[in-house]
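Using the sequences and the hints, build the whole thing.
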Amino acid sequence: MSTTTATEKTSRIERAGRLQSRLSDPGYRWLLLVVAGVFGALLLAILIALVLQARPALVHDGLGLITSTRWDPVHAHYGALSMVVGTLITTAIALVLAVPLGLGTAVALATYVPRRLRTPLSVLVELLAAVPSVVFGLWGLLVVAPWFAGSLEPWLKSAFGFLGIFNGTPIGIGVLLAGVILAIMILPTMAAISRDVIIAIPRDQREGASALGATSWQVVSGVVLPSARSGILGAGVLAAGRAMGETIAVTMVIGNTDSIPHSLLGQGQTMASLIANEFTEATEPFHLSSLIAVGLLLLVISALVNGGARLMVRSIARSAPGVGVL
Amino acid sequence: MSSPSLDPGGGRDFEGSFGASDPILSRRAEVQRTAASQLVRRKVTSRVAVFLCRASLVAALVPLVAVLAYTIRRGVSAWSVAFFTHLPTPAGIAGGGVSNAIIGTLIIDFFAALMAVPLGVGVGLFLSQSNGKVAYVLRFGADVLAGIPSIVIGIFAYAVLVVTLKHFSAIAGSFGLAVIMLPTVTRASEVAIRGVPRDVTEAGLALGGHRAHVARRVVLPAALPGVLTGVLLGIARAAGETAPLLFTAIGSQFTSYNVLHPMAAMPLIVYFDGIQAYPDLQKAAWGTALALIVIVFVLSVGGRVLSSRVRRSVG
Amino acid sequence: MSDQPVITEQVARQQEPITLTAPARRDSGLMATAMSHEVDDSAKVMRLQSLGVRFGDKLAVRDVSFDVLENCVVALIGPSGSGKTTVLRALNRLHDLTPGSKVEGQVHLGEVDIYGGDLDATMLRSRVGMVFQRPNPFPTMNIYQNVVSGLRFAGVTRKALLDEAAEAALVAAGLWESVRFRLKAPATSLSGGEQQRMCIARALAVEPQVLLMDEPTSALDPAATARIEELLSELRERVAIVIVTHNMQQAARVSQRCAFMLMGADRAGELIEFGPTDQLFNHPSDQRTADYIDGRFG
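Chains as they are written, first to last, in the working numbering: chain F, 1 to 326; chain Y, 1001 to 1315; chain R, 2001 to 2298.
Keep in mind that the hints are not guaranteed to be accurate.
[Stated by the list, open to error] Residues on chain Y that point at chain R, a partial pick, calculated with CB under 7 Å:
{"#": "1", "residue": "Arg1027"}
{"#": "2", "residue": "Val1031"}
{"#": "3", "residue": "Thr1034"}
{"#": "4", "residue": "Gln1038"}
Everything labelled a hint here was simulated from the structure, so no lab data went into it. Backbone N, C-alpha and C define an ideal beta-carbon position, used for all residues, glycine too.
See below:
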């Protein structure tokens, strides 16, 4: 009976094959190539679409778009330097917090947790990346900001006020909160990629160091981390790229002030939050196209940063698809 | 200690053939002395470093617990039958809900998947079959695409579908979400198809099928669980995105099934209501946020479970 | 005495580098001469007493006892799976790195039981060094940094000592002349054989009392293998050596004492016979040893 079934199957396939004979091998490859080409064209399309929409502003604002801090739609003067600075400040705060913590987490996951706990804990860390940005924004605005205003920021002001970066009234929302929320959001990226890079360091390197009398930490700091240097750097750059482009959470907690803050307790604006805030109400001349021009700037920066990071990390392809961390 | 003659026989200059022991012994003694005196410092440093690393791990998990705890606590109190079945009411008036947003999210995400999945699987299939320069460039491009800020994708969707159609629409939002989903689905499909054991593919080809046919009838079904994982994860990612919807679907007070017009969506509720000063609007935001988290987590965890179950069965 | 290098060459030339089937006994005359180096019996550097190793609830090695004397090369021989490497790794507490492992019995380095709790594992490893099967230079360090890495781990910072130890170690490993002018070159720029000799130098730089070698030549070509074997006879002047080898001829060539191990019925390795090399090869007391030497199994 099994022979009959096999024969039946074979003849069915043969018949189907004849029907498909028009789709010969080269034709199939061509079709796939077209499909892939469409995909490749998408990136180009994004660039072109943005350039086209932004052109009026690029002509009108000129270089002032990135050199002037005066963002004044009423008088049709568009300088986005404050937003660029805002992006840089919040990203810097996020990196200062997330890189050490992420690296420490990665080392812990790779080396200092029991084997069987490694996957569950890693999944938990990556779950942080699955939380939607808007939920972080909501939590940041309604839960963390009051705490910042009431406890953390006054303390920072009294303990470190001499540094001069904690001036002003603590109202909770501002660049510091935005930086902290960003740090939480990019930490999984930093940790997961670094962890993969560290785990990839061959075991005989570690054993060799141990056999020479290195302590547990000396093995990591003397041998493992130096070998993982470029991958970790790539992870950091990737995390920075994510921080620069993050929009919603930042918009909800940064205070939306179109000027460069003079202290970490101050409010500000990033390129992304500017667009989110003003886009649907941009009725002034050149307002919308200026916003899109800022978007173009954001696109170029993030593409460069991400591309550079990928070259450093050389696509440590995770065999199982993650929860969208990468 | 015996002192044998060494006769190198080849002129290898062993450092002072007969006095060799003295420098060795003195170096050994000094090394041991130094090591002994440094031991405590090294061990303490190691302990502290290990502790700090473990503490980082805990610190990384604290925000996760905090976000989830607060969202659950404040969101659950917003949940009610009315919440899921009624339309939003103006601030201050009780009995409102987010039914339009739930429906809207389902519709928008459905169309996003409809656009992204066939393209993503197709490209994934292509990438799985080739290792050449083109494939490398494409993979690199996918990674770059994945890193583009979602607000920029939103602008792109606006430029392509809102400007041309001359009004805001849900389908423009779907388009934006599709672009965001694409790298995830592509990558997962490529990995899943690559993971199909060679002998399955070869058996299909040996039975006389053309490549296209083998692909469709043999390889894709075998890769299906992995592809499905990618789809689930992609939807999970897209479902939580707000920025691409801000100037495409833009939200609505009403229930709509017309994709060519604005539509409500859950992330937009969280965003718009969350920044309002009215407590019941904030409550609605928490409730919606919780529902969003449930959806995203179920999809993400489900996707992961599916992929690990597949890996286990394939062995 | 001065014949020794010549005879070693002859012996080496006559025997194939690998197989276990070439009966060593046929060359017993030459072997006896080669093995005529006397070893000072009174100085026991390491003593193993009923050493056992367990991974989880699986016993890997049972009840191994032998002594490592000063200026002596002890070869651990036996077929795959007989537990030779497991025994070796117990001697520098490398099993501490494997969770779930448990070591039974006693291993004495001099007067101290290394598992007794009085000696810290990192201190132990500055006295008992190890060379691995595949050369494992640290890729981000240059040759000099690699060689002094053990000293640096121990906390040595005095440059003069580092330089002196590095030179002495590289000389002892037979590498000094070829690398003395390119110490800053990346360690990975060396050939395989050179890398392994660099690893030997790295292990020697801390001036250990014992050097453990886990099949150090199995990943090398015959020429490199021969060079390292030549080294061993000189090295044993400064360190006792315990070498695991799959290659019986190598064991016969380089060692003064031999320990033959075999996997028992319960899949745990055990020591069958231990004694002077020429005795083990020419007049083994256990039939199983004789069978192995004759190549009847393994």
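**Report entry** Agreement of hint Val1031/Y with chain R interface, Cβ distance less than 7 Å
**Finding:** 5 Å, holds
Report task. For the hint on Arg1027/Y, just tell me whether its beta-carbon gets within less than 7 Å of chain R. Result -> 5 Å, holds
Query raised in the report: Going by Cβ atoms only, is Thr1034/Y closer than 7 Å to chain R?
Result: Since the shortest Cβ distance to chain R is 5 Å, the answer is holds.
Query raised in the report: Hey, does the Gln1038/Y contact hint survive, CB to chain R under 7 Å?
Result: Since chain R brings a Cβ to about 3 Å from Gln1038/Y, closer than 7 Å, the hint holds.
Checked against the numbered hints above, the structure violates none of them.
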